[in-house]
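In the order they appear, the protein sequences are chains L and G. For the first sequence, counting from 1, position 19 maps to 19 in this note's numbering; every step adds exactly one. In short: position in the second sequence from 1, add 58, done, that's this note's numbering.
Rather than coming from a laboratory, the hints here were simulated on the basis of the structure. Any given hint might turn out to be false.
[What the hints assert, rightly or not] Simulated restraints on C-beta separations: (1) L/39 to G/284: 30 to 38 Å; (2) G/274 to L/7: 54 to 62 Å; (3) G/151 to L/6: 47 to 55 Å; (4) G/286 to L/39: 50 to 58 Å; (5) L/3 to G/192: 43 to 51 Å; (6) L/6 to G/126: 23 to 31 Å; (7) G/402 to L/17: 50 to 58 Å; (8) L/3 to G/363: 41 to 49 Å; (9) L/3 to G/151: 41 to 49 Å; (10) G/156 to L/6: 50 to 58 Å; (11) G/286 to L/17: 47 to 55 Å; (12) L/6 to G/174: 25 to 33 Å; (13) G/152 to L/31: 49 to 57 Å; (14) G/270 to L/39: 49 to 57 Å.
In this text, all values refer to a predicted model and were calculated from it rather than measured experimentally. Don't be surprised by glycine CBs; every beta carbon is placed ideally from N, CA and C.
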Amino acid sequence: MSVVEYKKYCCVTCDLVYDEELGFPEEGIAPGTLFEDIPDDWTCPECSASKSDFFLVE
Amino acid sequence: MKPIIVIGSGHAGITLTRELRLLDKEIPIILITQDDGSAYYKPNLSKAISMGKSANDLVMKDVEQIKAEQNIFIKTHTKVTAIDAIEHSVTVDDGVSVERILYKDLVLATGASPFELPIKGDAKDQIISVNTLNDYRQFRDTINKQERVLIIGAGFVGIEFASDLFSSGYHVDVVDMEEWPLKRSLPEKLGLSIVESFTSDKVNWHFGVAVTSVDHHNDSIEVTLSSGKKLQVDVVLSAVGIRPNSELAKAAGVNINRGIVVDNVLRTNIENIYAIGDCAEISGHTLPFIAPATFAAKALAKTLLGSTTVLNIPNLAVAVKIPTCTTVVCPALSLEGSWKVEGESPDYVARFINEQGEMSGFALTGKSINQKAPLLKECIAPVFA
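Given the sequences, and given the hints that come with them, work out the whole structure.
Listed below in structure tokens is the structure:
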């Protein structure tokens, strides 16, 4: 069994961070949801930027 | 090849240049700005004091990072003094020299400036507005070691500042002509929930009155209200809204109403001149908040690169950052209609029903904010004719 390596993604407009490990439960996105599994029409809960406006935090 | 010139390095301008570069690696782009060109998230200005953040802490990218990432020219501390719509040129002045630059397309992203109220008194020039990162830098210096701040205006910015300053230990007075906060965006019950959420006597509300005079009084500032009441404070902050910056456009013959008038592809009446962000009036509406400017920048980038794209903005919910009373607002495009409120204080669901009987906006407080997603779907989408 492999351990999932969770990643973080940051919104280019407002700097909000999506942490896959934590999800966004209050937005209906469960902890552990991979960024790629978030629907494409999802928008940033802070500034409404598109999913494509998030970049991978190295 | 003549460049696309963008005037203004706020959210609208910087997002536009980024989107243009994402779509076209070659096209020359010049961004002209009167400030230092740093990118910051403007909504943070009204919530950064309690986070302990300085102006520099709020900078997300400095001008060198933006130049490198976007591969564009940025002229900082430079004022555009004139537009020649016949020759397709702008005249710019950086304080050292004046030059003319030809453009292929010109985009006005000149933003908006704080309204100035007709207030009297020998300390009226002490009234502060926080509309830019530089304003925030000065505001932070001014309130340092002070205790009492009076805020004029209980709109989004005013109540966020009230909350931010209160939670940072300040004594706060809020003055508004209306009867409850955010009156344009939510009904009375929700407004009162916000007011009641501040249980401390360190926050005092003065509704239904205006500030008439601001005067020096010993070591304080004395604020006189239209009721005759006088309040002694240290700092006066005005948060009564903003007015589109349209003078430059007007001088070039661009149609102006409340803002720079553009159609649903963000075009002005003059060929090759466009406007986006807080300076623009799109199909009769000025569109505050960050998100509409993001959508406008993306649509305009496509239009400028040859694929004419009509602005299409989905319903958007804006979170008002008041920790004592979580509030989410989806503002209706038109204010004609009435509110329908359900729930108990402080957990309200308020639907705005337009004259056609459709739900065109909503507001949520307390635990009801978990209704945001279904209500966004229930709401009719704004249409820009």
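Okay, the hints, checked on the actual structure:
Restraint check, residue 39 of chain L to residue 284 of chain G: a C-beta distance of roughly 51 Å breaks the suggested window 30 to 38 Å. For residue 274 of chain G paired with residue 7 of chain L, a C-beta distance near 56 Å keeps the hint of 54 to 62 Å intact. Separation of residue 151 of chain G from residue 6 of chain L is about 51 Å and conforms to the stated range, judged on CB atoms against 47 to 55 Å. A hinted range of 50 to 58 Å for the beta carbons of residue 286 of chain G and residue 39 of chain L is consistent with their spacing of about 57 Å.
Between residue 3 of chain L and residue 192 of chain G the beta carbon distance is about 47 Å. The supplied range of 43 to 51 Å therefore holds. A hinted range of 23 to 31 Å for the beta carbons of residue 6 of chain L and residue 126 of chain G is consistent with their spacing of about 29 Å. Here the CB-CB span from residue 402 of chain G to residue 17 of chain L is close to 35 Å, at odds with the stated 50 to 58 Å. The supplied range of 41 to 49 Å is met by residue 3 of chain L and residue 363 of chain G, whose beta-carbon atoms lie about 44 Å from each other.
Taken as a hint, the range 41 to 49 Å is violated for the pair residue 3 of chain L and residue 151 of chain G, whose Cβ atoms sit roughly 59 Å apart. The hinted range of 50 to 58 Å is satisfied by residue 156 of chain G and residue 6 of chain L, whose Cβ atoms lie roughly 54 Å apart. In this structure, residue 286 of chain G and residue 17 of chain L meet the distance hint of 47 to 55 Å, their C-beta atoms being roughly 50 Å apart. Taken as a hint, the range 25 to 33 Å is violated for the pair residue 6 of chain L and residue 174 of chain G, whose Cβ atoms sit roughly 50 Å apart.
Our hint of 49 to 57 Å for residue 152 of chain G and residue 31 of chain L holds, since their Cβ atoms are close to 51 Å apart. Under the hint 49 to 57 Å, the C-beta atoms of residue 270 of chain G and residue 39 of chain L, about 53 Å apart, fit the expected range.
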